[in-house]
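Participant: Sequence:
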Amino acid sequence: MNSPITESNGKHTSVISSSVTKGQAKKFSFEKNILSPYSDLMHHSYVPVRMAYNSFEPESSKGEESFNSARSPIIFLHGLTSCKETWANIPQIFANKLKTKTYTVDARNHGDSGWSDFFSTDDLVNDLLFFMDAIHADRVILIGHSMGGTIAIQMAIEASERVEMIIVEEMFVSRPPQILLELPLMYVRLAPIAVQMIPDDADDIQATHFILDYVNKALPPGLANVHTPSKVDKSTMALRRSPDGRLSLKANMAALEKSLMNPEGTIKEVHGTYSGPACFIYGNQSPFQVSLDSDKITKCFPNAIFIGIDNAKHTVHSDNPPAFISAALQFLVNNTALKNRL
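Counted from 1, the sequence shown has number 127 at position 127 by the UniProt record's numbering; the numbering is strictly sequential.
Each hint should be verified, as a subset may be incorrect.
What the hints assert, rightly or not - Only pairs whose alpha carbons sit at most 30 Å apart, straight line, appear in this in silico DSSO-like list of lysine-lysine:
1) Lys299 x Lys268
2) Lys258 x Lys268
3) Lys217 x Lys250
4) Lys99 x Lys234
5) Lys231 x Lys99
6) Lys268 x Lys250
7) Lys234 x Lys97
Claimed, not checked - Ranges of calculated distance between the beta carbons of each label pair, as one might list FRET restraints:
8) Arg175 x Pro220: 16 to 26 Å
9) Arg240 x Asp133: 42 to 52 Å
10) Ala70 x Asn262: 20 to 30 Å
These aren't lab readings, by the way, just hints derived from the structure by calculation. All C-beta atoms in this analysis are idealised placements derived from N, C-alpha and C, irrespective of residue type, glycine included.
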């Protein structure tokens with residue numbers, strides 16, 4: 001039975017269904033042109049967008065604890081041009097292991113969420129705060145890959161009271177080197193061209209291989225295959241197929257390109273500290289070399305730990321899922337146990 005949850009602060013009203021179906025995408029929307037209560041985080045008037053998400057509850061065996069309502073929910077945040085489906089079955093595994101609810105959310109201009117001309121880390125953090133309010137989550141655990149890691153980093157420092165702990169996969173605290181800033185810009189320019197050239201008889205996985213091959217051939221030496229996971233499947237790339245069979249990217253590439261052309265206004269280098277538990281996971285074969293930013297990371301996150309994963313590049317959770325799951329779960333279990341003893 002659907003029971004609408006309505007919240008109002010006098011300036012806007014949001015409605016979200018409270019029913020939960022495992023793996024089912026849900027959406028909520030806010031009216032436009034409202035003044036955000038987090039307006040100090042942004043440079044323009046914040047305009048919320050419709051956001052899509054999946055939620056997962058623990059699947060328990062007979063006699064097992066089914067749900068621990070005292071534990072904070074976990075929100076998984078995907079990388080640039082990706083979508084919530086990139087996490088595959090990982091959120092369900094975490095829900096089962098930790099006996100808590102988990103969520104995967106499509107960022108604005110990605111997946112099934114709404115599109116906007118505005119796209120910055122400030123906007124993405126505000127979107128996350130609004131989402132948390134809509135699901136009545138006072139505090140959360142954040143797990144973010146790449147762009148999602150940037151959101152988690154900024155959120156932890158600027159709204160630390162809302163964050164219990166974070167796991168950052170393959171992202172710096174410092175502004176990334178220029179070549180790594182140029183890489184996503186090249187991708188958002190090349191991928192739409194490749195989509196128009198996909199053979200008519202290609203299925204989704206063949207189409208994904210075609211796009212990745214096209215992009216990799218055009219990239220400078222050393223950067224090819226950075227975003228190509230070891231195993232390509234339907235969760236590798238966010239594609240949409242129209243009724244007539246044509247494929248398109250499930251991302252607002254025009255808005256992303258515009259933002260990436262002005263990284264200084266899009267990606268904010270954070271200042272401040274977060275004293276909660278933080279884990280930075282990186283691929284040992286990744287050109288990002290996150291460990292080289294350890295001094296700045298530990299300055300902002302004094303309790304940070306670093307975990308390098310073998311046989312993994314930039315998409316650690318796709319390249320080596322067992323190692324990623326093991327490392328992340330161990331971190332969460334250890335810190336949850338510590339918190340319970342305090």
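Participant: Take a quick look at whether Lys268 and Lys250 sit within 30 Å of each other, Cα to Cα.
Facilitator: holds (25 Å)
Participant: Within a Cα-Cα threshold of 30 Å, do Lys231 and Lys99 meet the stated pairing?
Facilitator: Roughly 29 Å between the alpha carbons, so the hint for Lys231 and Lys99 holds.
Participant: Hinted pair, alpha-carbon criterion (30 Å max): Lys99, Lys234. Please report holds or violated.
Facilitator: holds (27 Å)
Participant: Between the alpha carbons of Lys258 and Lys268, is the straight-line distance 30 Å or under?
Facilitator: holds (16 Å)
Participant: Quick check on a hinted range of 20 to 30 Å for Ala70 and Asn262, using CB atoms only.
Facilitator: violated (43 Å)
Participant: Verify the CB-CB distance for Arg240 and Asp133 against the hinted window 42 to 52 Å.
Facilitator: The hinted range 42 to 52 Å is violated for Arg240 and Asp133, with Cβ atoms some 29 Å apart.
Participant: With 16 to 26 Å as the target window, see if Arg175 and Pro220 comply at their CB atoms.
Facilitator: holds (20 Å)
Participant: Does Lys299 pair with Lys268 here, judged by a C-alpha cut-off of 30 Å?
Facilitator: Roughly 17 Å separates the two Cα atoms, so the pair holds.
Participant: Given the hint that Lys234 pairs with Lys97, test it: the Cα-Cα distance must not exceed 30 Å.
Facilitator: The hint holds at about 25 Å.
Participant: For the pair supplied as a hint, Lys217 and Lys250, confirm whether the alpha-carbon distance does not exceed 30 Å.
Facilitator: Holds, because 22 Å separates the two Cα atoms, which is no more than 30 Å.
Violated hints, listed in ascending order, are 9 and 10; each of the other numbered hints is respected by the structure.
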